[in-house]
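Protein sequences appear in the order of chains A and B. Quick note on numbering: this note's numbering labels position 88 of the first sequence as 88, and the sequence is numbered without any gaps. Quick note on numbering: this note's numbering labels position 246 of the second sequence as 1246, and the sequence is numbered without any gaps.
It cannot be assumed that every hint is accurate.
Chain A regions said to be covered by chain B (calculated; three or more residues, Cβ under 8 Å) [what the hints assert, rightly or not]:
1. 9–19
2. 24–38
3. 122–133
4. 151–157
Please keep in mind that the hints were generated in silico from the structure rather than gathered at the bench. We put the beta carbon where it would ideally sit given N, CA and C, even for glycine.
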Amino acid sequence: MHITEFKSLVADHKNRLFRIANWMLHNAEDAEDLVQEVFLKLWDIRDSLSKYRSIEALLVTMTKNMCLNLISKKKLEFQEYPMEWLNTQCDEKKLEHREELGILQQIIDALPEQQKIVMQLKGVEQLETNEIAELLGETENHVRVILCRARKSVKEAYQKTLRVS
Amino acid sequence: MRSQKTQQLIDKYYKGMTSAAEEGELRLLLEEEHYGNNLDEEKLLFELFDNNSKKELSSNFEDALELKILEKEQASSAKVRKMHPLRIVVGIAASLIFILGITWLNWPEPGLKTISESTQDSNREVVLPDGTTVYLNNNSSLSYSEDFNSIDRKLKLNGEAYFEVFRDESKPFIVESGNSTTTVLGTSFNIRNRDIENDIVITVTHGKVSFASHDNKLQEQVFLIADQMASYSKKDNVITKVEAEDRNNLFWQTGSLQFNSASVSQVIEDLQIAYGCNVEVGNSDILTCPFTGNFENESIENIIQVLAFSLNLKVNKTQNSYELIGKGCQIPL
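Kindly produce the complete structure, drawing on both the sequences and the hints.
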């Protein structure tokens, strides 16, 4: 593969991978470094890409796995959010939602990884169920089940915190 | 109260059955219908998604990635073969040399002025808008568009020039010549481009360079680091990467030539490029003799005398050419 071809591949996928990594890591710098690592690994295997059913699926899987590795390595704890992160998450005019958004984010982070990823691909990337299935190598039906579980548990957990407070 | 439509969509949403379009519709409906309060879970979730969907990588991501790839390629440049063993590298730091092919046409974008610099019989120093210094050798010219240094730093060269590139990783420095493109992010280099038939040769003495051909049929690219050379054959459109054994290509800048057990054929080739003179041998056995010697700002006359003396040859001088006469040596290369 020539570098120009590789570069167009990078341009096509970089921001989606970055958003996935940022969704998982909550740190733009770490996410950027991680996406760079993903593409460097892709460069190493550039001559055998025809083996894979979809390069995007490969990239998403690599990103997901490397995020999980990094999380377990750093033992990141999302129990308490640094204020800088919350500030970057919210527009100033929506400042009053900050606390609620933080709670919601904590709930999502506590979800099983597969649910977390599916929520991101559906909610942030706004992909269709069949596209998500393709990217994750799952059946469409299973993606629906994951989505259904994720949304219900987020709703239940959120309403529980509201009742407590 | 939520409308029936909204409620239907929400039910579907929690079953994981909504399409992207339906979720977009639900988003709008929740905005429009002022039911409940702003802290409803679904609305907040959409807000959270919106905040995340705006996120993008920093603008220099691709340049930084490309640089890392360059570094990676250099680290694994095991395929490099030796060309002239034992020839020693001495010379200028922070420079890389290459010799490129001629011809370029139709380059500048319409509406933008083209700025040209050229020399005839002498060398000249040119400072480009980005701070890069260019030493333009005789009978050479370069041109660049008015928007040089806006997005990238692209120029065309005909002839020979030595570049000291101002480092700016966000704007790659690109030299186009014939069917070749050379890309650096910041370093120094020399380009020579004298003859349509001759190979394009690039020699790197410092820094990192991507050297690529873009012939219609096939593309090739090599990455070079210090003391590596690549030559591009215009005839076959093939790039060959080799170790640079000396910096004699920089003669026009340094005035020095180094030969360390170099073959006479190599010495003759370098002398012809350095002094523009013609050197011939009466007996082809001479070509494989080894020769060692360093010359600093020496005349061609003296160099030929030293060469002949050390190899026990006679010199036959005609107008602008020298002929070396004698036998081959006892221990050829």
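Now the hints, each set against the structure:
no., hint, result
1, 9–19, "holds (count 6)"
2, 24–38, "holds (count 4)"
3, 122–133, "holds (count 8)"
4, 151–157, "holds (count 4)"
Hint violations for this structure: none, all hints satisfied.
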